[in-house]
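Please build the complete structure, drawing on both the sequences and the hints.
Residue numbers are given in our numbering: position 6 of the sequence shown equals residue 877, and the series is strictly consecutive.
For the record, the hints were derived by calculation from the structure and aren't laboratory data. Just so you know, nobody snuck in bad clues.
Straight-line distance between alpha carbons at most 25 Å, and here's what the computed SDA-like set of lysine to any residue pairs gives:
no., residue 1, residue 2
1, Lys887, Asp917
2, Lys1259, Val935
3, Lys887, Arg916
4, Lys887, Pro1078
5, Lys1259, Phe1245
6, Lys899, Glu928
7, Lys899, Leu961
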Amino acid sequence: MNEPTIEASVHKDDYKGSASEVFAAFLKLGLTSFGGPIAHLGYFRDELVVRRRWIDEKGYADLVALCQFLPGPASSQVGFALGLLRAGPLGAAAAWAAFTLPSAILLVMFALGAAAFGGPIGSGIIHGLKVVAVAIVAQATWGMAKNLCPDRERASIALAAVLIVILAAGSIGQIAAIVLGGLAGLWLCRSKGEAVTGHVSFPVSRPAGAAAITLFFILLFGLPVIVAATSLQGVAVFDSFFRAGSLVFGGGHVVLPLLEAEVVQSGWVTPNQFLAGYGAAQAVPGPLFTFASYLGAVLSSEPNGFFGATIALIAVFLPGFLLLIGVLPFWDVFRARPTAQALMRGANAAVVGILGAALYQPVWTSAIDGPYQFALALICFVLLMAWKAPPWIVVLVGAAGGVLIGVA
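Below, the structure written as structure tokens:
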């Protein structure tokens, strides 16, 4: 018997559903999917594989493997691809909008109302959210280290990435760590390949894929040139969020140090604003990348507010979608190559090091300034790791703890 495959025609008449159907399905997921990208993939499977039967189990597993291989928000990329498979380009856009907008709107509302959080109670809530960020990032670092650095070679690559980020602060150090991690993987991780099975086929032609890849690189390298030539703030914001979205390997939490390098070190967002928003992002459903909408709304200079949030949100998601479209026609051949597998193992290990460095600076240094905050961070960490509490519960505990510390 042949293995199940993901098959679709490029003809619009052959799509099995409509954009409105896709929007309705993903709006439900966008309103209820708490717990981060791994949990989102579970929600997708239950709703779209088991209940709606949009795709079979093997095809879904192949799709998840592809999106985890690429930079970008894996769960949103899976949703985008499922919308594409079900209803074509309009279905892909509908899937992204419906899954993303609920959390983005909530975070923009928080950003615009954050100034109202004054007094000991308001400042306690904000500080509690910053402490929650410590626990969340610690959990993400621990989990990723177990999965992506299971041997001494990859653990060493992660350690080297920490040192590179410390010595070369900002986005330059992070880019260098990922590039050098990938090169180290080619040298150290070639013998750890896994057999590749299955088949992935999507309604994207090779010319369309090549065009998407070309546009990705034009934006990645062309936007900084435009910024330098024109000093347009709107283009600078788009460039910063696009660059952050281009380098996110390994899950949504990895966007934290990349965005911090772009918006905090540039002076656009204060460290307190950044960590408070990151804590609030744990309490809303949907993809963690919607944190960008909060940052766009609180930028110190225009464009900010709703306009800044829109620019930031589109820019941070766009590179992942362009890369996904670009790779789809070539994925079957590329993923089987040992060189590609070794490259990604090294790059993923470097990502663990980058996130580990961010756990200390800015997350720990900005949130933990006394024994009470340290104790609250430990409580939140144990709730996440040992009790498997949902992140939104931990956010409530952290906010309440911050208020108690603030009024004590």
